[in-house]
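Enquirer: Using the sequences and the accompanying hints, generate a full structural model.
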Amino acid sequence: MSATVILETLRRHFAHIAYVAAGLLIVIIAATMAAVDAPAGSTFQVFSLFMIIAGCQIIGPEFSSGTLQLILSKPIHRSRYLLSRVAGVVLALWIAIALAYTADVAARAIGGHDIAWRVGGGAAVSIAAEAVLLVSLMALFGAFTRSYMNVALYLGGQILLSMVAGVLQMMQRMERGAFSAFGAFLRAHPGVVNTIRTIDQNLYPDAPRIPFDRNWLLLVFSNAAIALLLACVIFRRREVPYGAD
Amino acid sequence: MSGIQVRALTKAYRHLGRAPVNVLHGVDLEVQPGEVVGLIGPNGAGKTTLMSCIVGFLRPDGGEVSIDGRASDDLGIRRRTGFVPERMNFDRRATGRAFLRYMAKLAEVPHAELDARVDALLERLGLANAQKRLLSQYSRGMLQRIGMAQALVREPEFLFLDEPTSGLDPHGVFLVRELIAEQKARGAAVLLNSHQLAEVEKVCDRVVFLHKGVIARAETLHDTTRMTIDVTLLAGSFDPATIAEATGLTPAENVLSATVASEAEIADLVARVIGTGAGVIDVRRRTADLESIFRGTA
Amino acid sequence: MARTDLWDRFSQRALPVWLPVAAVVLIVARVISSRYEVKSPVDLVRWVLPRAAEQMARAAHKPILYEFGAEWCGPCHVMEEEVFRDAELAKMINDKFVPVKLVDTRRETGKNLPEVATLESRFGVRAFPTVVVVLQAEGAPRTMVGYPGKAEFETFLRGIP
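Those protein sequence lines, which keep their order, are chains P, U and B. Using numbering that gives the first Met the number 0, the final residue of the first sequence is 244, and nothing's skipped along the way. Using numbering that gives the first Met the number 0, the final residue of the second sequence is 297, and nothing's skipped along the way. Using numbering that gives the first Met the number 0, the final residue of the third sequence is 160, and nothing's skipped along the way.
One thing to keep in mind: the hints can contain errors.
DMTMM-like cross-link-like pairs, simulated, lysine to aspartate or glutamate; straight-line CA separation at most 25 angstroms [unchecked claim]:
#: 1; chain 1: B; residue 1: LYS61; chain 2: P; residue 2: ASP199
#: 2; chain 1: B; residue 1: LYS90; chain 2: B; residue 2: GLU153
#: 3; chain 1: B; residue 1: LYS61; chain 2: P; residue 2: GLU174
#: 4; chain 1: B; residue 1: LYS90; chain 2: P; residue 2: ASP199
#: 5; chain 1: B; residue 1: LYS90; chain 2: P; residue 2: ASP212
#: 6; chain 1: B; residue 1: LYS110; chain 2: B; residue 2: GLU70
#: 7; chain 1: U; residue 1: LYS211; chain 2: U; residue 2: ASP60
#: 8; chain 1: B; residue 1: LYS149; chain 2: P; residue 2: GLU238
#: 9; chain 1: U; residue 1: LYS211; chain 2: P; residue 2: GLU238
Label-pair ranges, simulated between beta-carbon atoms [to be verified]:
#: 10; chain 1: B; residue 1: ASP7; chain 2: P; residue 2: LEU23; range: 44 to 52 angstroms
#: 11; chain 1: P; residue 1: VAL232; chain 2: U; residue 2: ARG92; range: 25 to 33 angstroms
#: 12; chain 1: B; residue 1: LEU5; chain 2: P; residue 2: LEU6; range: 25 to 33 angstroms
Quick caveat, the hints were computed from the structure, so don't treat them as lab data. All C-beta atoms in this analysis are idealised placements derived from N, C-alpha and C, irrespective of residue type, glycine included.
Expert: Dropping the structure here:
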C-alpha cells in the first residue's frame, strides 16, 4: 500500500464540497433519528448512495481524464496504486460512518434513549464491511471500463439480478399458464434459481439478521478480496493510451 | 547507460467486430544519452502510439523496446524517467504545490529533499507565486509548465515530451527550450513529439519522420562532422574555371556549395576562393529545412 | 506481455503476493465458519397473523406455512432453536413463505383461540409440531408431522415450489 496515495485520496474527499455536505447531512439525519428513538442502526440505510458516489472515482474516470498516465509514469506498482485508492476511499467512508454512529450514540444518550450498543454497533460494523465490498466492486468494474461505467455496471447488475431472481422465483411456482413448462423445469432444476440468488447475495448481500454475524462478515470480506484480486489482474494488463479520449 | 532502443516495433489497435488497424509497422529508433530526438509526422502517423509503446502505456504486438537494457515499465527505469503529457489532467482542487509534492513522493524523491526540490522547480518554471493557487485557476500555459515540472522532479535520465510547448507563450517556449538543453547537457536521452517544426529544429539533434507507421526519413540537424556551406560570390568577379581549378568545385550561378568536415576546412575553402581574386560576399552554413522535408515526406 | 512479470516485484505490472494469499485465507475461513451456524437469541421468522395470511399470500404469490406448536412441546422448542433462530433458514422462510405461528393452548387454558381451533380442524392437526404448507395453486397441502431434524426439515422446505 502507498501511504502517499491513500492520503491523497483522503485529501480529495475532504476537499470536495459534496463529501463534506453529504457527511454533514448524514450526521444530522443520524442525530435526528436517534433523538426520536428510531430503531438502532436504521441510520445506515441512507449510506448506499453515498458509498456509490465515493467509490465511483476509482480508475475508470482517471483513465478517461489522462490522470492515470501521469501516475503510471511514476515508479509505482499498478496494483499498489489501485489498492491504495481503494483503501483511501474505504477510509473516507469509515470516517463518515464513525461520525454518524457517534452522532447516533450521543443523540440517544442526550435524549435518554436506550443506546442498544449491540444492534447499533453491529449495524455500523456491517455498513463498514459493506463499504469494503462496494468499493472493491467499483474498483473491479473500473479496472476494465472508462469514465463512470463502473457505477452503471454496479447499479445495473443489482437491478438486473434482483429482477431476474424475482421473475424466476415467480415462474418456479407456476403450475398453470404460459410459463408452466418453464416453471416445471425450474422446479426440477432448483439450482438455476439458487445460482442467481447466490450471485445476487454475494455481490449485493442483504444486511445481516444478527449483529456481528461472523459468517456474513467473512462472506463480505472474502468477496471483496476476490474482487480486488481480479481488479489487479485486469488492471495490470490494461493499456492506457494517452490522447485517445 | 545504453539509452532508448526500439527494434522492429509493430502495433495494431483491435476493436470488437472490426479488422485490426495496423498503426506501427516495424519501427526502429534509438535515442542515446545526451541526445535530443524529435519525432514529427502528420496526424495519424503513429507518433502518439509510438511514444505510448516506448513509455510502456501500450503493449507492442511485436518488436522490442528497451531503456538502458530493461523494459520501460521496470520500476528502476520509471525512477529515472520523466514524462510530460500533452494535456495535464489532475484533480483541480489541488494546489500547484500539493500536486508537485504528490508527484515527487510518487517519484520517490527522498523526504529530506522533497520541499527543496519542489521549491526549486516551482522557481525554475516561474510558478513560485502561483504555488498556492488551485490547479483549476491555472492557465493552459501554467498547466503545461507544471506538467514539465513534475517530469523533472527526479532529474530524469530519460525524458519523454509530448507537445511540451503547446499553449505556451514565447517566454514559456524559451523556458522549455532551456530546460531541454539543460537535460541534454546532463546527459539525459530526450524524445520529443511536436508539431512545432521551428522548435524541433532549435532543440533537437536528430529528427525522425514518422509516416503511416514507418520511419520515412531521419535527419541529423546539427551534425558538425559533416556540414554543407554555401559561399556566395560577387557576380562578375570570378572565373568558374579558375574556381574549379583552385577548389575542385564548380559554382552554380554565383554560389559555390561544398561539404566540409570542420570549421578549419570552411576557412581554407574561403581562403582559396579569395586567392583566385573572386569577391566573397556571404558564407552560410546550410541547415536542414524541416518544413520542405516534411512536405516532401508527408 | 511476459507472464514472468506477474510476480517480478521490479515490474510495474507485478501482483502483490499477499493479496491472493489473503483471498485464499478468507475463503477457507468462510467455508470452515459456515459449518458452524451463528444463532440468534431470538426467533428471526417474521410471523404473520392468521387472519392476514391468506390475503398476503395471494398478493405475494407465496405459499402459507402454518407452524402448529405448543408450549409444552419439547421438539417444538428444538425446532425453534435450530430452525427459526438460524439466520439462513429463517431468511429462506421469510422470503419463500408467508409464515404463521399457531400455539395450541388447550393444555394450559382448556381451549384454543378461534382461528387456531379452525385451522387445526381444517388440516387435521393431532400432534406437535406440525408444519402445513398451503400452496397458491390447487392441490393438497404439504404436511410434516414432528420435527425430523434440521437437515430434513430444510430439505422439506426447499422441496416446496
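Enquirer: Now look at each hint and say whether the structure bears it out.
Expert: Here is what the structure says about each hint:
1. B/LYS61 x P/ASP199: Holds. B/LYS61 to P/ASP199 sits at ~20 angstroms (cutoff 25 angstroms).
2. B/LYS90 x B/GLU153: holds (12 angstroms)
3. B/LYS61 x P/GLU174: holds (13 angstroms)
4. B/LYS90 x P/ASP199: Holds, at about 15 angstroms.
5. B/LYS90 x P/ASP212: Measuring from Cα to Cα gives roughly 14 angstroms; hence the hint holds.
6. B/LYS110 x B/GLU70: Holds - the C-alpha atoms of B/GLU70 and B/LYS110 are around 14 angstroms apart, at most 25 angstroms.
7. U/LYS211 x U/ASP60: holds (17 angstroms)
8. B/LYS149 x P/GLU238: violated (53 angstroms)
9. U/LYS211 x P/GLU238: Given pair U/LYS211, P/GLU238 holds - Cα atoms ~22 angstroms apart, limit 25 angstroms.
10. B/ASP7 x P/LEU23: 44 to 52 angstroms: Given a distance of about 46 angstroms, which is inside 44 to 52 angstroms, the answer is holds.
11. P/VAL232 x U/ARG92: 25 to 33 angstroms: holds (32 angstroms)
12. B/LEU5 x P/LEU6: 25 to 33 angstroms: Between B/LEU5 and P/LEU6, where Cβ atoms are some 29 angstroms apart, the hint holds.
Of the numbered hints listed earlier, the single one contradicted by the structure is hint 8.
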